[in-house]
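Asks: Residue numbers (the numbering used here): 1200 to 1424.
No wet-lab data here; the hints were simulated from the structure. Remember, it's a predicted structure, so these values are computed and weren't measured experimentally. Just so you know, not all the hints are guaranteed correct.
Stated by the list, open to error - In silico DSS-like pairs for lysine-lysine, Cα to Cα no more than 30 Å straight-line:
| no. | residue 1 | residue 2 |
| --- | --- | --- |
| 1 | 1321 | 1262 |
| 2 | 1319 | 1248 |
| 3 | 1248 | 1387 |
| 4 | 1391 | 1305 |
| 5 | 1319 | 1304 |
| 6 | 1304 | 1321 |
| 7 | 1281 | 1304 |
| 8 | 1305 | 1289 |
| 9 | 1281 | 1336 |
| 10 | 1387 | 1281 |
| 11 | 1285 | 1319 |
| 12 | 1391 | 1319 |
| 13 | 1321 | 1285 |
| 14 | 1304 | 1387 |
| 15 | 1304 | 1248 |
| 16 | 1281 | 1309 |
| 17 | 1289 | 1387 |
| 18 | 1336 | 1248 |
| 19 | 1289 | 1319 |
| 20 | 1391 | 1289 |
| 21 | 1248 | 1310 |
| 22 | 1319 | 1387 |
| 23 | 1319 | 1309 |
| 24 | 1336 | 1321 |
| 25 | 1281 | 1391 |
| 26 | 1248 | 1321 |
| 27 | 1285 | 1387 |
| 28 | 1285 | 1391 |
| 29 | 1289 | 1262 |
| 30 | 1248 | 1305 |
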Amino acid sequence: MCGRFTLTLEAAVLQQQLRLIQVPEEWIPRYNISPSQNIAIIRDADEPKLDMLRWGLIPFWAKSVDVGYSMINARAETIAEKPSYKQSFKLRRCLIPADGFYEWKKSPDKKVPSTPFYIKLKSDPLFFFAGIWDAWKQPGTEETIQSCTIITTAPNSLMAPIHDRMPVILDRSMAWEWLNPRSEPELKELLKPFDPSLMMAYPISRLVNSPSNDSPQCVQPEESL
């Protein structure tokens, strides 16, 4: 799965790197982005800008906002068939910019806490998760909540020793294809494990375990703390 990630670039750098027409005024670098928080997404390849949506998909037909807490990820293998995701997969795809993410490796000894790892690309400070979004209207009110989820797939050889799932990563050379009109087979071809030779992972402290910790110390290698 993917339950925490980072996007640590300053607004001006992010805008230049992605050629964005707009960055939210309230933008700040983030080192521990967590579910149910608002995260940045891009929905339009022709006029790319950052929109802030709630992380945890709430399908338009849901009865309660609470469903979003269990829908922070969508499986690539079933996204085209699952009622919660299939319409958004066809019509409401998005890119979620990131520069790293966290995963926890379980210990063989159940008494020992899981070890958090930070994972990023070796040579590029920025990449995208493949995502989908939806809009949900609060019953009996005019309030609308827009939300999104990160798509996951099978782990590559780097991730497999850490976890049995990984987010779908799209580098900047191919990411915009996810937003453009494509057939279902063409879209599914993008939802595959990323090249492990282009990635790196290292253990970090358990500081990241608490969402309230959102600082550069979260991504520091364990031995340097």
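Asks: Look at each hint and say if it fits the structure.
Replies: Status of the hints after comparison with the structure:
1. 1321 with 1262: violated, 43 Å
2. 1319 with 1248: Holds, at about 23 Å.
3. 1248 with 1387: Within the cut-off at roughly 25 Å; holds.
4. 1391 with 1305: Holds - the C-alpha atoms of residue 1305 and residue 1391 are around 24 Å apart, at most 30 Å.
5. 1319 with 1304: holds, 16 Å
6. 1304 with 1321: holds, 21 Å
7. 1281 with 1304: holds, 28 Å
8. 1305 with 1289: violated, 35 Å
9. 1281 with 1336: OK: residue 1281 and residue 1336 at ~21 Å, within 30 Å.
10. 1387 with 1281: Holds. Residue 1387 to residue 1281 sits at ~14 Å (cutoff 30 Å).
11. 1285 with 1319: Satisfied, since the Cα-Cα distance of roughly 29 Å is no more than 30 Å.
12. 1391 with 1319: Holds: residue 1391 and residue 1319 sit about 17 Å apart, inside 30 Å.
13. 1321 with 1285: violated, 33 Å
14. 1304 with 1387: holds, 28 Å
15. 1304 with 1248: Between residue 1304 and residue 1248 the Cα gap is close to 35 Å, so the pair fails against 30 Å, i.e. violated.
16. 1281 with 1309: violated, 33 Å
17. 1289 with 1387: OK: residue 1289 and residue 1387 at ~11 Å, within 30 Å.
18. 1336 with 1248: holds, 23 Å
19. 1289 with 1319: Distance ~28 Å between residue 1289 and residue 1319 Cα, so the pair holds.
20. 1391 with 1289: holds, 18 Å
21. 1248 with 1310: violated, 46 Å
22. 1319 with 1387: With Cα atoms ~23 Å apart, residue 1319 and residue 1387 stay inside 30 Å; holds.
23. 1319 with 1309: holds, 27 Å
24. 1336 with 1321: violated, 41 Å
25. 1281 with 1391: Holds. Residue 1281 to residue 1391 sits at ~18 Å (cutoff 30 Å).
26. 1248 with 1321: holds, 26 Å
27. 1285 with 1387: Holds. Residue 1285 to residue 1387 sits at ~12 Å (cutoff 30 Å).
28. 1285 with 1391: The given pair, whose Cα atoms are some 18 Å apart, holds under the 30 Å limit.
29. 1289 with 1262: holds, 22 Å
30. 1248 with 1305: violated, 38 Å
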